[in-house]
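Enquirer: Sequence:
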Amino acid sequence: MSSLPDNLEEVIDVVSDWAVKTVQEIVKALAPDGRPFMMEFPTIEKEIEDYLQLKAGGKEAYKLSLREMEEMIATKLQESAVSPDMILAVHPYDIAVSIHIDRSARLETEMAKRAFDE
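Under full-length UniProt numbering, residue 118 is the last one in the sequence shown; the count climbs by one each step, no gaps.
Calculated from the structure, these hints are not laboratory results.
Fair warning: there could be bad hints in the mix.
Ranges of calculated distance between the beta carbons of each label pair, as one might list FRET restraints [to be verified]:
| id | residue 1 | residue 2 | range |
| --- | --- | --- | --- |
| 1 | Lys63 | Arg114 | 24 to 32 angstroms |
| 2 | Ser65 | Glu110 | 14 to 22 angstroms |
| 3 | Glu40 | Ser3 | 53 to 61 angstroms |
| 4 | Val15 | Lys55 | 31 to 39 angstroms |
| 5 | Asp13 | Gly58 | 38 to 46 angstroms |
For lysine-lysine, the following PhoX-like pairs were computed, each having C-alpha atoms within a straight-line distance of at most 25 angstroms [as the list claims (entries may be wrong)]:
| id | residue 1 | residue 2 |
| --- | --- | --- |
| 6 | Lys59 | Lys46 |
| 7 | Lys63 | Lys76 |
| 8 | Lys55 | Lys113 |
| 9 | Lys63 | Lys46 |
| 10 | Lys76 | Lys21 |
| 11 | Lys113 | Lys46 |
| 12 | Lys46 | Lys76 |
Just so it is clear, CB atoms sit at the ideal spot from N, CA and C, and this is done for glycine as well.
Full structure from sequences and hints, please.
Expert: Now the structure itself:
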């Protein structure tokens, strides 16, 4: 007979497996070869320039950028035949926030490194 902790651990394992598979499917749909479909990677200089423009726009610019990215992610998922339920389950807004945070950290580190090297 299973105990409550055993049952909960089993549920957690099932949900974790589902989440990993879902994220893998989404990444494969959005970036089949490691870059977004039909997009080129910008140079680091261009990324820094765009990032500084976004920072100069303040809080409202960030909100707009997040909304635009959320819409782009949802649209790309729809175009890649990801079901509407799965799109809702992965929270495109949370993905956009995560991308912005990662990008900010990476570019702030790069700018600090460049300032130190000068």
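Enquirer: Would you mind marking each hint as holding or not holding in the structure?
Expert: Consistency of the hints with the structure:
Between Lys63 and Arg114 the beta carbons are some 28 angstroms apart, a value that agrees with the proposed interval 24 to 32 angstroms. In this structure, Ser65 and Glu110 meet the distance hint of 14 to 22 angstroms, their C-beta atoms being roughly 19 angstroms apart. Restraint check, Glu40 to Ser3: a C-beta distance of roughly 54 angstroms satisfies the suggested window 53 to 61 angstroms. For the hinted restraint 31 to 39 angstroms between Val15 and Lys55, the CB-CB distance of approximately 37 angstroms keeps it satisfied.
At roughly 44 angstroms, the beta carbons of Asp13 and Gly58 sit within the given window of 38 to 46 angstroms. A C-alpha spacing of about 21 angstroms is found between Lys59 and Lys46, which places the hinted pair at or below 25 angstroms, so the restraint holds. Taken as a hint, the Lys63 and Lys76 pair is honoured in the structure, with Cα atoms around 20 angstroms apart against an allowance of 25 angstroms. Annotation: proposed proximity of Lys55 to Lys113 holds, straight-line Cα distance about 19 angstroms (limit 25 angstroms).
For the hint linking Lys63 to Lys46, the alpha-carbon distance of about 21 angstroms falls within 25 angstroms, and the restraint holds. Using a Cα cut-off of 25 angstroms, the hinted pair Lys76 and Lys21 holds, with the two alpha carbons roughly 18 angstroms apart. Of the pairs offered as hints, the one joining Lys113 and Lys46 holds, with about 17 angstroms between alpha carbons and a cut-off of 25 angstroms not exceeded. Proposed proximity of Lys46 and Lys76 is supported: the alpha carbons are some 23 angstroms apart, at most 25 angstroms.
Of the numbered hints stated above, none is contradicted by the structure.
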